[in-house]
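From first to last, the protein sequence lines are chains A and B. Numbering follows this note's numbering, in which position 83 of the first sequence is assigned residue number 83; successive positions increment by one, without gaps. Numbering follows this note's numbering, in which position 202 of the second sequence is assigned residue number 202; successive positions increment by one, without gaps.
For the record, the hints were derived by calculation from the structure and aren't laboratory data. Mixed in with the good hints, there may be bad ones.
Note that identical chains are pooled: a pair holds if it fits in a single copy or bridges any two copies.
Stated by the list, open to error - Straight-line C-alpha distance at most 20 Å; calculated SDA-like pairs for lysine to any residue:
| no. | residue 1 | residue 2 |
| --- | --- | --- |
| 1 | Lys53 | Val32 |
| 2 | Lys53 | Met205 |
| 3 | Lys96 | Ile206 |
| 4 | Lys147 | Val190 |
| 5 | Lys37 | His208 |
| 6 | Lys147 | Thr199 |
| 7 | Lys198 | Ser2 |
| 8 | Lys101 | Asn33 |
| 9 | Lys25 | Tyr108 |
| 10 | Lys147 | Glu179 |
| 11 | Lys147 | Ile178 |
| 12 | Lys195 | Asn183 |
| 13 | Lys207 | Thr80 |
| 14 | Lys200 | Ile41 |
| 15 | Lys147 | Thr202 |
| 16 | Lys198 | Leu150 |
| 17 | Lys210 | Gln89 |
| 18 | Lys25 | Glu105 |
| 19 | Lys198 | Gln51 |
As the structure is a computational prediction, the values presented were derived from the model and not from experiment.
2 protein chains.
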Amino acid sequence: MSNTQEFDLKRKEILDCAETLFTSKGYEDTTVNAILKEVGIAKGTFYYYFQSKEEVMDAVIMRFIDEDLQIAKTIMDNQTLSAMDKLLQCIFSKPKTDNKKVMIEQLYEANNALMKQRTLQRTIEVICPIYAQMIEEGNANGEFTSKQPLEDIQFLIAGIQTLFDLSHIKGSTIEIQIESVVNAIFQMLVVNEQKNSKTKVTEIMIKHIKA
Amino acid sequence: MSNTQEFDLKRKEILDCAETLFTSKGYEDTTVNAILKEVGIAKGTFYYYFQSKEEVMDAVIMRFIDEDLQIAKTIMDNQTLSAMDKLLQCIFSKPKTDNKKVMIEQLYEANNALMKQRTLQRTIEVICPIYAQMIEEGNANGEFTSKQPLEDIQFLIAGIQTLFDLSHIKGSTIEIQIESVVNAIFQMLVVNEQKNSKTKVTEIMIKHIKA
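Bound-form chain A, shown alone (with noise of 0.2 Å):
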């Protein structure tokens, strides 16, 4: 085995240690010893991978981001879709792995605000660019007349991440805030409402989130 492959490896078997004691305990009751503990190996060890607990937290982060990204990369490249649907499905896709459910219901835990951030940040950086190029399709397509695509997406994954954040916390009904959502993609996106209802989409969103 090549020097590269140990390094990737134990790099992954750190995170893969991590990333259960984070979604087990939570990240901010999670120490760089229990890591060291739970994978087997001496502090200069972790330390020759990483720099800190933080930084373990945005490797961790960053391999559920790479996922969201394959999958939006997949749905871009359906011919079948329209760009609104496009748009729903990636933005109010299930996770698909146990691993990323527990992580993403840990991520409403107080003690998660931190990473529950960063995954927001990483996602407005990484993912809301594939977004954008549905969006131009759906421009070009006459469903959407978005002028700045890239931005209009950001500022509105920005508020839907946020308001559907605060309804788990606060325990209101999830309608009220798809009602929200909808009428904020119909206006900063200027969809086109012969080629989509907000009845429609609305339905669409329903089943996306029930699923």
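Using the hints, position chain B against chain A.
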């Protein structure tokens, strides 16, 4: 002094001390014991006033939110301002007291992510209804055509706050965020560009932010 006055005074004392500790050490790193020590009270006394550290945090946040609410009400009553001016003055107002300045700076620290999230939640619940009144005024005088003022402003505040938070973390230039935010305001509120130009609104916003 009546029992109520005594209760209120002691409660205020605990909040003042907690606020100082939160803004100097951070919320996560402030223990209930540290608050007890600072105020000079026993654990039982503390729990007579508050159920948890989180409840103290909520009360500290609510004092700042109440301040913002009073400022918003005063601006609302100023007959010389347009609806857009009122909104910009409120949303981009600078903190008036030193304590609040320090608190807002502290909110961007990693160990205060929960406090920041809660501040946004309270803003959306408590302050947005008065912003919605400003938008209704703008609808009436032809500045805006917002179909659902409360939902529109809640979405806008969620998006604006989150984007500015992320810009703070990433260290990207504030100017790019401002362009995004101006576009979002114009699209969400369907701003009449003959009454409020994007250039003018951008200038006013920059003036407020840099003031």
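Violations among the numbered hints, reported as their numbers in ascending order: The structure breaks hints 2, 5, 7, 8, 14, 19; every other hint is satisfied.
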